[in-house]
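Undergrad: Chains as they are written, first to last, in this note's numbering: chain A, 76 to 171; chain B, 9 to 268.
Treat the hints as calculated values from the structure; they're not laboratory data.
Bear in mind the structure is a predicted one, so any value in this text is a computation, not a measurement.
There could be a bad hint or two in this list.
As the list claims (entries may be wrong) - Derived lysine to any residue pairs resembling SDA-like cross-links, with alpha carbons at most 25 Å apart:
| # | chain 1 | residue 1 | chain 2 | residue 2 |
| --- | --- | --- | --- | --- |
| 1 | B | K146 | A | F91 |
| 2 | A | K144 | B | I165 |
| 3 | B | K155 | B | L130 |
| 4 | B | K146 | A | A127 |
| 5 | A | K144 | A | V99 |
| 6 | A | K144 | B | E239 |
| 7 | A | K89 | B | G126 |
| 8 | A | K89 | B | L119 |
| 9 | A | K111 | B | P117 |
| 10 | A | K89 | B | N152 |
| 11 | A | K111 | B | A158 |
| 12 | B | K227 | B | A158 |
| 13 | A | K85 | B | P117 |
| 14 | B | K227 | B | G126 |
| 15 | A | K85 | B | K155 |
| 16 | B | K90 | B | H193 |
| 17 | A | K111 | B | N122 |
| 18 | A | K144 | B | P32 |
| 19 | A | K85 | B | K151 |
| 20 | B | K146 | B | K90 |
| 21 | B | K155 | A | H135 |
| 22 | B | K146 | B | T80 |
| 23 | B | K155 | A | I90 |
| 24 | A | K111 | B | E147 |
| 25 | B | K151 | B | E237 |
| 26 | A | K144 | A | K111 |
| 27 | A | K111 | B | T80 |
| 28 | B | K146 | B | I71 |
| 29 | B | K155 | B | S37 |
| 30 | B | K146 | A | K111 |
| 31 | B | K146 | B | G228 |
| 32 | A | K89 | B | A162 |
| 33 | A | K144 | B | L66 |
| 34 | B | K151 | A | V123 |
Letter by letter, the chains look like this.
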Amino acid sequence: MGHSQADHRKTYWKIFVWLFVLTVLEVGVVYIPMGKGTLIAILCGMAVVKAAMVGLWYMHLNDETAGLKWTVAIPMALPGFYAAVLIADAAWRYLR
Amino acid sequence: MSAHEAVEHHGDDDHHHHEHRLRPEEWPSEPMVGVASAGKVGMWWFLLSDALMFAGFLLAYGILRGGSEIWTCTQELVEAGKCLAPVCSDFAMSLGAQCQENGRFLEEPALGINFTAGLTFLLICSSVTMVLALSYCKEGDRKNTVKYLAITTAGGILFLCGQWYEYFGLFGFPGLIESGLAFGHSSYATTFFLITSFHGMHVFSGVVYLAITTWQASKGRFDDGYTSEVEILGLFWHFVDLIWILVFTFIYLVPNEHGV
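Next up, chain A with everything else stripped away, as it sits in the complex (with noise of 0.2 Å):
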């Protein structure tokens, strides 16, 4: 059985606040002392939370098909292993 609008607006006022709660929490981890690459974690793990977020609920992604999602989700992780590799070149050369 589907979800009234009503609902739905539920849903995007509770992701507003997740989104609001991670920003915040986003501005104050960078005035906590800890190590640098730490830090690049969190605020790296948190943002990709929140686009998530975004896309998931706000871009309606979650009700498309496996077909679209898959179509969506390939293409935007591919920056990611990217990144991932050039991080590692960068730890091997630093750490040689």
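Could you slot chain B onto chain A? The hints should help.
TA: Just chain B now, with coordinates in the frame of chain A:
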């Protein structure tokens, strides 16, 4: 006429194109994309190509930043002779820049995290109002559709004003250009202006797109359930928000060697 027939006969009588606008539930189902309309799939394709362009910029930024020994030329580094502060341009001086006797700035300024966090919050607010506009549009509620589309448009305009303030300053408060961030002086400055202005152009396009759709909604274009156009606009606007979430993290929040 069934939905399939409507699509097949579309080319025969284009002059009656309004009769062939399909409600979301009427669009013929297809195994790959379900009932997503051609316009919606087209917007997704465009957004993917746009996302890869942003990804190229952000990866280039990451490579430049990761490979640089000095990212931001602070006063401490200038005094230690490790880097040169930017040259005071005529444009910066026309904005009111205070230059040193040697015709240079004191240092490169840091980016304002708290102010930009406010801009991020603004875009998040405009994203929720956009999705609420679509929700009310699906209910045929013209008044709330127009209201939330108008609020979303206002959010976009405010974001652009914020970006203007950040670049050029406003009401006597100095912007980054006036404070010594000079395009072309360093990878820090150039990547900042390139990426944030490219995003800003998307916000500007989105504001124009939103304003047109708000006007159309106020004239009742979507009253009869043809909500695809509002949904497609929403995809574009949420994408602008999504990209900003990443830009905010990578450009503003990731610390440099000399603190945030």
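Undergrad: Work down the list of hints and note, for each, if the structure agrees.
TA: Evaluated hints:
For the proposed pair K146 of chain B and F91 of chain A, the alpha carbon gap of about 20 Å is at most 25 Å, so the pair holds. Under the criterion of a C-alpha separation no larger than 25 Å, the hint pairing K144 of chain A with I165 of chain B is inconsistent with the structure, at around 31 Å. Taking the CA atoms of K155 of chain B and L130 of chain B, the gap is about 17 Å. The hint holds against a cut of 25 Å. For the given pair, K146 of chain B sits about 24 Å from A127 of chain A by alpha-carbon distance, which is consistent with the 25 Å threshold.
Taken as a hint, the K144 of chain A and V99 of chain A pair is broken in the structure, with Cα atoms around 29 Å apart against an allowance of 25 Å. Distance check on the hinted pair: K144 of chain A and E239 of chain B sit about 17 Å apart at the alpha-carbon level, within 25 Å; holds. The straight-line distance between the Cα atoms of K89 of chain A and G126 of chain B is roughly 20 Å, inside the 25 Å bound, and the hint therefore holds. Under the criterion of a C-alpha separation no larger than 25 Å, the hint pairing K89 of chain A with L119 of chain B is inconsistent with the structure, at around 30 Å.
Taking the CA atoms of K111 of chain A and P117 of chain B, the gap is about 21 Å. The hint holds against a cut of 25 Å. As the CA atoms of K89 of chain A and N152 of chain B are separated by approximately 20 Å, the hinted pair is consistent with the 25 Å bound. Under the criterion of a C-alpha separation no larger than 25 Å, the hint pairing K111 of chain A with A158 of chain B is inconsistent with the structure, at around 41 Å. Proximity of K227 of chain B to A158 of chain B is assessed by CA-CA distance (about 14 Å); at most 25 Å being required, the pair is judged to hold.
Of the supplied pair hints, the one linking K85 of chain A and P117 of chain B is violated, its CA atoms being roughly 42 Å apart against a limit of 25 Å. This hinted pair does not check out: K227 of chain B and G126 of chain B have alpha carbons roughly 33 Å apart, beyond 25 Å. With a C-alpha separation of about 18 Å, the suggested pairing of K85 of chain A with K155 of chain B holds against the 25 Å cut-off. Distance restraint check for K90 of chain B and H193 of chain B: the Cα-Cα separation of roughly 15 Å lies within the 25 Å cut-off, and the hinted pair is therefore satisfied.
Restraint check: the Cα-Cα separation between K111 of chain A and N122 of chain B comes to about 20 Å, which is no more than 25 Å; the hinted pair holds. Straight-line distance between C-alpha atoms of K144 of chain A and P32 of chain B comes to about 18 Å, which keeps the hinted pair within the 25 Å bound. At most 25 Å may separate the alpha-carbon atoms for a hinted pair to count; K85 of chain A and K151 of chain B meet this at roughly 19 Å. Straight-line distance between C-alpha atoms of K146 of chain B and K90 of chain B comes to about 60 Å, which puts the hinted pair past the 25 Å bound.
The straight-line distance between the Cα atoms of K155 of chain B and H135 of chain A is roughly 21 Å, inside the 25 Å bound, and the hint therefore holds. Only pairs whose Cα atoms come within 25 Å are accepted, and K146 of chain B paired with T80 of chain B is rejected, the gap being roughly 49 Å. For a cut-off of 25 Å, the pair hint linking K155 of chain B to I90 of chain A stands: about 21 Å separates their Cα positions. With a C-alpha separation of about 49 Å, the suggested pairing of K111 of chain A with E147 of chain B is violated against the 25 Å cut-off.
Of the supplied pair hints, the one linking K151 of chain B and E237 of chain B holds, its CA atoms being roughly 17 Å apart against a limit of 25 Å. For a cut-off of 25 Å, the pair hint linking K144 of chain A to K111 of chain A is broken: about 34 Å separates their Cα positions. The suggested pairing of K111 of chain A with T80 of chain B holds, with an alpha-carbon distance near 16 Å, which does not exceed 25 Å. Under the criterion of a C-alpha separation no larger than 25 Å, the hint pairing K146 of chain B with I71 of chain B is inconsistent with the structure, at around 45 Å.
The hinted pair formed by K155 of chain B and S37 of chain B fails the criterion: a straight-line CA distance of about 32 Å is larger than 25 Å. As the CA atoms of K146 of chain B and K111 of chain A are separated by approximately 46 Å, the hinted pair breaks the 25 Å bound. A C-alpha spacing of about 13 Å is found between K146 of chain B and G228 of chain B, which places the hinted pair at or below 25 Å, so the restraint holds. The suggested pairing of K89 of chain A with A162 of chain B holds, with an alpha-carbon distance near 22 Å, which does not exceed 25 Å.
For the given pair, K144 of chain A sits about 23 Å from L66 of chain B by alpha-carbon distance, which is consistent with the 25 Å threshold. At roughly 35 Å between alpha-carbon atoms, K151 of chain B and V123 of chain A are farther apart than 25 Å, so this suggested pair is violated.
Checked against the numbered hints given earlier, this structure breaks hints 2, 5, 8, 11, 13, 14, 20, 22, 24, 26, 28, 29, 30, 34; the rest are met.
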